[in-house]
Amino acid sequence: MTTVPSTASGIASAVSSGSVSARSVVDAHLERIATRDGDIHAFNLVTADEARAHADAIDADIAAGRPVGPLAGVPIALKDNLCTHGIDTTCSSKILEGWKPPYDATVVSRLRAAGAISVGKTNLDEFAMGSSTENSAFGPTKNPLDLSRVPGGSSGGSAAAVAAGFAPVSLGSDTGGSIRQPAALCGVVGVKPTYGMVSRYGLVAYASSLDQIGPFATTVSDAALITEVIAGHDPMDSTSIPQPAPSLVGAVTQGVAGMRIGRVTDLPGGAEPEVMERLNAAFDALAAAGATIVDITLPSLSYALTAYYLIAPAEASSNLARFDGVRYGLRVNAADTNAMYGATRAAGFGDEVKRRIMLGTYALSAGYYDAYYGKALKVRRIIAQDFDAAYKNVDAIVIPTSPLVAFKAGDKVDDPMAMYLCDIYTIPTNLAGHPAMSVPFGTGAHNLPVGMQVLAPALGEVAMFRVGGALEAAGGAQ
Amino acid sequence: MTQSGSPISAADVAKVARLARLDIDDAQVEHFTEQLGKVMGHFGDIDALDLSAVEPMTQPYPLVNVMREDVELPTLDTDEVLAAAPAAEERRFRVPPIIGLDG
Chain A
89 MTTVPSTASG
99 IASAVSSGSV
109 SARSVVDAHL
119 ERIATRDGDI
129 HAFNLVTADE
139 ARAHADAIDA
149 DIAAGRPVGP
159 LAGVPIALKD
169 NLCTHGIDTT
179 CSSKILEGWK
189 PPYDATVVSR
199 LRAAGAISVG
209 KTNLDEFAMG
219 SSTENSAFGP
229 TKNPLDLSRV
239 PGGSSGGSAA
249 AVAAGFAPVS
259 LGSDTGGSIR
269 QPAALCGVVG
279 VKPTYGMVSR
289 YGLVAYASSL
299 DQIGPFATTV
309 SDAALITEVI
319 AGHDPMDSTS
329 IPQPAPSLVG
339 AVTQGVAGMR
349 IGRVTDLPGG
359 AEPEVMERLN
369 AAFDALAAAG
379 ATIVDITLPS
389 LSYALTAYYL
399 IAPAEASSNL
409 ARFDGVRYGL
419 RVNAADTNAM
429 YGATRAAGFG
439 DEVKRRIMLG
449 TYALSAGYYD
459 AYYGKALKVR
469 RIIAQDFDAA
479 YKNVDAIVIP
489 TSPLVAFKAG
499 DKVDDPMAMY
509 LCDIYTIPTN
519 LAGHPAMSVP
529 FGTGAHNLPV
539 GMQVLAPALG
549 EVAMFRVGGA
559 LEAAGGAQ
Chain B
148 MTQSGSPISA
158 ADVAKVARLA
168 RLDIDDAQVE
178 HFTEQLGKVM
188 GHFGDIDALD
198 LSAVEPMTQP
208 YPLVNVMRED
218 VELPTLDTDE
228 VLAAAPAAEE
238 RRFRVPPIIG
248 LDG
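Chains as they are written, first to last, in our numbering: chain A, 89 to 566; chain B, 148 to 250.
Treat the hints as calculated values from the structure; they're not laboratory data.
The reader is advised that the hints may include incorrect statements.
Below, a list of computed lysine to aspartate or glutamate pairs in the EDC-like style, where the Cα atoms sit at most 20 Å apart [unchecked claim]:
hint	chain 1	residue 1	chain 2	residue 2
1	A	442	B	226
2	A	442	A	503
3	A	188	B	224
4	A	188	B	226
Now the stretches of chain A that chain B is said to cover, found in silico as 3 or more residues with beta-carbon under 8 Å [unchecked claim]:
hint	region
5	420-431
6	442-451
Quantities reported herein were computed from a predicted structural model and do not represent experimental measurements.
Note that the Cβ used here is the ideal one computed from N, Cα and C, for glycine as well.
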């Protein structure tokens with residue numbers, strides 16, 4: 089009986105050296121899923137048969153001496169808004185229930201080519217709209233650390249899957265914090281790469297000027313490894329940056345000696361006191377590791393929430409127009425096409441999706457465009473300019489990921505504004521298009537994990553992973 | 148602003164639902180009006196900003212046309228695409244009548 093390593097890099101090296109079979113790795117993870125996912129509901133779909141067959145194929149390659157990829161035998165969970173050829177992709181919405189995409193997302197193809205094995209599709213807030221994974225048409229996901237609490241969202245299923253040991257790594261998407269916030273609440277690492285760093289081909293679009301795909305992992309190094317595999321130019325995504333994937337794993341252990349790390353002195357309030365204590369501890373740890381802590385201001389940060397909740401719904405109202413009962417998904421039949429649209433969308437979308445579509449439609453409508461959407465785009469520019477000014481003096485910035493530790497299920501589900509405030513520290517980077525990651529850094533209220541967020545300028549992933557690695561190495565120490 | 152001081156009225160909500168092709172009943176109009184009013188109330192915070200000299204920012208990076216060579220490339224399998232549609236006929240998507248729209 090061999091032990092299955094807990095990290096992706098450990099599994100890949102054990103499998104490729106032949107000391108552990110891919111099949112035994114997959115079976116061990118499927119067994120954990122079978123035992124606990126009934127309580128957690130991280131997955132919308134577990135693709136056990138496909139995973140076992142893929143593992144057997146990798147084991148056959150190894151036995152025959154054929155080369156295998158850098159993620160050989162690594163189980164991975166995929167957020168259910170990433171298209172998987174022939175495998176249900178629902179976005180946790182009734183409007184796409186049962187839809188089998190005719191193609192794979194680029195990230196899915198790249199992971200498969202690297203030898204990673206998909207074990208299933210994870211639950212999310214419907215169309216990635218939410219911060220608690222309670223807005224799923226298929227029921228909420230629970231936080232594996234405390235089943236009475238939310239895992240965060242919208243990629244709550246992917247965060248919970250890694251926290252519960254169902255897979256060492258997973259993919260999520262982050263439009264306003266949907267990777268970083270659930271990572272913080274579940275005590276795992278979550279990365280949102282630079283806008284354009286990772287192809288969105290095959291990601292069901294929510295807000296196209298903000299969406300980015302990224303990994304969850306138990307270690308910063310694994311998160312860097314997955315980012316390396318999925319990053320790099322893709323001609324199928326016209327917003328993809330025409331550059332090869334950067335080398336990132338080495339940065340994790342490079343240390344922060346000589347780096348200048350920003351402390352935001354005008355950070356918007358509202359964070360729990362324990363979260364602010366952890367932030368101070370993070371700066372102490374980084375200073376002890378040789379970084380210089382530099383005070384900076386980001387005066388427009390407090391306006392980011394308003395800009396985001398105008399821009400994202402505006403883009404969503406346009407993107408989600410494609411769900412019209414014609415080409416895929418649900419159709420509610422009616423006498424004419426127009427009536428069919430209205431009935432199909434009413435039956436297929438949940439309340440939060442309807443709210444955001446209506447909000448966006450309103451912000452874009454004649455007479456309100458300048459007052460809402462137009463103004464939000466200008467605020468977005470100011471936020472980006474504030475970051476540009478700050479990054480003249482610092483290499484990276486550290487702020488909390490979430491103002492709160494994991495909250496109780498049901499606490500905010502009927503109060504959209506309270507839910508939106510969960511994203512106050514994650515939204516600004518999406519507006520600017522910058523990379524950011526959440527790294528577990530000790531615990532706060534109720535002994536629940538607190539995540540620290542590392543921000544860096546566009547294409548500043550190396551600096552970000554250096555700081556993330558240093559925070560991890562400090563181990564959340566006081 | 149509506150007379151009640153709420154940033155969005157029930158009539159506005161009913162109108163945007165119609166524009167967005169979302170059938171909602173009167174009770175839902177009332178419910179969404181209250182919730183959206185609360186959210187939009189928060190949006191007033193940016194009214195204090197002087198944005199007259201600021202250019203709007205639609206994307207993180209300047210948009211440029213992305214072109215490729217005009218050569219034939221593989222496309223999605225038509226049968227597979229149509230198989231996922233609610234209704235198809237003669238290799239096309241089938242929809243209910245489109246004439247007689249209610250606007």
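Measure nothing beyond the straight line between the CA atoms of residue 442 (chain A) and residue 226 (chain B); if it is 20 Å or shorter, mark the hint as holding. Given pair residue 442 (chain A), residue 226 (chain B) is violated - Cα atoms ~32 Å apart, limit 20 Å.
Annotated coverage of the region 442-451 of chain A by chain B, confirmed only when three residues or more have a Cβ within 8 Å: Coverage by chain B holds for the region 442-451 of chain A (7 residues, Cβ < 8 Å).
Given the proposed pairing of residue 442 (chain A) with residue 503 (chain A), does the C-alpha separation stay at or below 20 Å? This hinted pair holds, its Cα atoms lying about 15 Å apart.
Holds or violated: are the alpha carbons of residue 188 (chain A) and residue 224 (chain B) at most 20 Å from each other? holds, 13 Å
Tell me whether the statement that chain B covers the region 420-431 of chain A is true, taking a Cβ distance below 8 Å and needing three residues at minimum. holds (count 11)
Run the distance test for residue 188 (chain A) versus residue 226 (chain B): straight-line Cα separation, threshold 20 Å. holds, 13 Å
Violated hint for the displayed structure: number 1, the only one.
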